[in-house]
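Position chain B against the provided structure of chain A, taking the given hints into account.
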Amino acid sequence: MDGSARWTAALVGALGIGGASVAATRAVQKARPRPRPDRWHAVTVDRAPADLQGVAAAPPEPLAALGDDLEIDLRPAPGDRGTELRARARRPGLLVDADVRDALRRSRSLLEVGEVVQPDEPGTTRRTVTSLPLELAIRHGREGGRL
Amino acid sequence: MRALTWQGVNELSVETVPDPTVQSPTDMLVRVVRTVSCGSDLHLLGGYIPFMRAGDVIGHEFVGEVVEVGADVRRHRVGDRVVMSSFIACGRCWYCRHEEFSLCDNTNTNPAITEALWGFSPGGCFGYSHAMGGNAGSHAEYVRVPMADHTAFTIPDAVSYERALFASDSVATAWTGVELGGVAPGDVVAIWGAGAVGQMAARVAQLVGAERVLVIDRVPERLEQVRRYVGAETIDYSTQHVGSELLEATGGRGPDVCIEAVGMEAHAPGPDFLYDQVKQQLRLQTDRPTALREAVYQCRKGGTVFVLGVFAGVVDKFPVGAMMNKGLTVRGAQMHGPRYIPRILERMERGEIVTEHLATHVMPLEEAPHGYELFKDKKDGCVRAVFTP
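Chains as they are written, first to last, in my numbering: chain A, 1 to 147; chain B, 1001 to 1389.
Watch out, some of these pointers could steer you wrong.
[Said to hold, decoys possible] Output of the computed footprint for chain B on chain A, the stretches with three or more beta carbons under 8 Å from beta carbons of chain B: (1) 50-59; (2) 103-114.
[Unchecked claim] Computed list of chain A residues with no C-beta within reach of chain B, every gap over 12 Å: (3) A27; (4) D38; (5) A64; (6) G67; (7) D69; (8) L94.
[Claimed, not checked] Restraint ranges, calculated between C-beta atoms of paired labels, are given here: (9) B:R1097 to A:H140: 22 to 32 Å; (10) A:R34 to B:G1119: 17 to 27 Å; (11) A:V96 to B:R1097: 30 to 40 Å; (12) A:D73 to B:A1071: 30 to 40 Å; (13) B:R1075 to A:D51: 17 to 27 Å; (14) A:E135 to B:G1119: 17 to 27 Å; (15) B:G1186 to A:R34: 50 to 60 Å; (16) A:P33 to B:V1314: 45 to 55 Å; (17) A:A58 to B:V1320: 46 to 56 Å; (18) B:V1314 to A:R34: 55 to 65 Å; (19) B:G1351 to A:R26: 37 to 47 Å.
I should point out that these hints are in silico values taken from the structure, not numbers from a laboratory.
Just so it is clear, CB atoms sit at the ideal spot from N, CA and C, and this is done for glycine as well.
Pulled out of the complex, with its shape left as it was, chain B reads as follows:
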């Protein structure tokens, strides 16, 4: 089959690779109908997550049709339209039983790598390096879905593939941040990053009752999407003073919940960005926490900062004094897909979550390297590049 493979830093190519097979009675095979680029893929592409091997198939957010099921798969049949959680869940360990599915004890095939980095290992993910399980990714014609009963979800007839695609990761990530960040009715929520995850975090915050939602970015097309499709307020940090805008919007209190949806390759105007960039390139820190620092600084006393953007290692100048003295709660998580995907699909069916506008560029799989160029450089208004194998 054809698949998009990582060949080296900033080097992708579509290659012919072996077809996947059902290896276990709990596996199933899915023919990929749509699969989408994600900002976190850019960390793999840029070499910031050094656990890739030449030939690895990337991609983790996808929908498709079931073409074969293992003998123990009970919830899916051949022909089902399904959306997969980007994190694979066994459904039977302590973490899965407590709906912390991305922390699954049994789905990362190389847990020692992340155990060395972080002390304990999260679960496995599709197409996201050998540190996260070494599972083949979704930018391919077919994907083997391990633990299919817990990892895949049937798409309601009334929900199109185009809409359901983003339930796989973007919306589920957003819901993880909003719920675990404790967003409550009446809250003012500030979100750094107007990509797909930031936009969906804004939408989910509205759905759970946030009073005001403000999204911070510098890319005009993305900010326009926030206003037009989500109905949230925006702050363009390249032309507006973020701190004063947030103070005015919150009566001088600061946002109750600050969600960082940017990650390790944050950009900012000013010398702090240059400082972070130099330190990262010299490998004196692995990640650039520019947006995270600002979220901690702007958050109200006693508020919550939630880290949704992907970070891999260590950062410099983390404002621990602000965190301690303001009594902040700082949390983070990869997304607990199986906890949220069923309710996301229900909301999609009711038209309360729309995602089609995020797919600004739709193209055949053979053009995926070009799609990633557009996506990485934010060219031509690209918010997400979607591939149709």
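Excised from the complex, chain A in its bound form:
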């Protein structure tokens, strides 16, 4: 197979797999009830509620960056599980769910370890046609992943 044929095959394959994945995901999502638009997004932070008293008033930077449209709630997690940190838009549609998820994950890392772990910079990878779907997934790597 010459170079151009290989690239064409790779492109067709990537588009095929990507298209099938999108179609399957949409079919699954369509067949099931949608999440409530006013639901809380939550992470559990392994810190006692007393340690996080100031978080609702002065949230970590990733949550603060979402501004006044964000509503924050803290509650003790059951047992020895720390504190549930919950967030949602004050009105459905004001914020993108993925942004809230991303901000919660980063905030949990900041509250637990004081930093958000990053991959090596600069990276060692190069862009290929077949890796474009993965590149997209990495770009959204800290957002919501559940189907």
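For chain B alone, coordinates are given in the frame of chain A:
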């Protein structure tokens, strides 16, 4: 620096890549002294884990010397000889506090990928795809070690790099399976797979008091290593009937704990292997669970099956009826390195765990693609290929 990179399915090459740096006060830089191939790398190489990008540095089991530490690193100094846990642990989340380090909440930089696949995300690992954090691997001259205080361990003076290398992942994985599989004094333990992890699982099972340990494989050199270096019994499934051998060895009960140390590219004689191979190649299942099925079938009533081999997605014909009706406990885990590495190093120091024989092929990093060829095809008696950058 030079590093072994994944370039595509079954395509590896040693390239010049940017040097890593200390990016965070909790990072440190390690000069890699030894780094070893792992069976789970073959899943990346074969394209079974489709979360690799061209240029990714692979490798996750390694030892080296500390050459730079971040301002907040307290447990390590420049010049220390260290072994790293292949899974990176923050040490401060709920999972780390409960010593389930491979489930760390804070070290996977792309948690959404595995959350989509599995519901929740495990922690990050060195050199094991973007699904497991996208961290650079260890088949390189230097590695950045995030969360260094919790991920790296000082090697005692009396333990050589050659021996400590396998504490990084193989022995720690083995200990994870033996401990979480509940192996207890008097148990009969059967282990599928005589690679490094299977051999070390046999050794650890002996150390915690198992009465008999039987290791099942078909590769003569590996079975010979089990008998010679571990002192466990062997079953060659290409020439012996596994079920009858296990029944005879256990007085008709079946093994108390069955440890599967094979993973998603299992081989077996007979039509079930062909069935699994066809389904996997057609992407109708992602993994071949041939050894796992047998472990479930052979396990005694009320026993435990522990999945140590790496699986990525979904399998077909899982014997859920046997699991339910025999009252089995089925567990699995990636390895909780920081929980086990200190005690492994102590055992290595006392000579109770030896690993040098596993390094059947030692070569410079520049020859790593050839090393993976030998390792993948089990040529020339290769059990593990070790690289010296």
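Verify the CB-CB distance for G1351 of chain B and R26 of chain A against the hinted window 37 to 47 Å.
violated (59 Å)
CB of R1075 of chain B to CB of D51 of chain A, is that within 17 to 27 Å?
holds (24 Å)
Check on G67 of chain A being off the interface with chain B, judged by Cβ distance over 12 Å:
Label holds. Min Cβ-Cβ 23 Å, cutoff 12 Å.
The region 103-114 of chain A covered by chain B? Criterion: 3 or more residues, Cβ-Cβ distance below 8 Å.
With 5 residues close enough to chain B, the hint holds.
According to the definition I'm using, a residue is off the interface if its beta carbon is farther than 12 Å from all beta carbons of the partner; does A64 of chain A meet that for chain B?
holds (19 Å)
Separation of D38 of chain A from chain B, once the least beta-carbon distance is taken, above 12 Å:
holds (22 Å)
Taking a Cβ-Cβ distance under 8 Å as contact, does the region 50-59 of chain A have three or more residues in contact with chain B?
violated (count 0)
R1097 of chain B paired with H140 of chain A, Cβ distance criterion 22 to 32 Å:
With Cβ atoms ~29 Å apart, the hint holds.
CB-CB spacing for R34 of chain A and G1186 of chain B relative to the 50 to 60 Å hint:
Because 54 Å falls inside the window, the suggested range holds.
Hey, is D69 of chain A genuinely clear of chain B, shortest beta carbon separation above 12 Å?
holds (22 Å)
Cβ distance range 30 to 40 Å for V96 of chain A and R1097 of chain B, holds or violated
Between V96 of chain A and R1097 of chain B, where Cβ atoms are some 32 Å apart, the hint holds.
Non-interface label on L94 of chain A, tested against every C-beta of chain B at 12 Å:
holds (22 Å)
Taken one by one, the earlier hints fail for this structure at numbers 1, 16, 18, 19, listed in ascending order.
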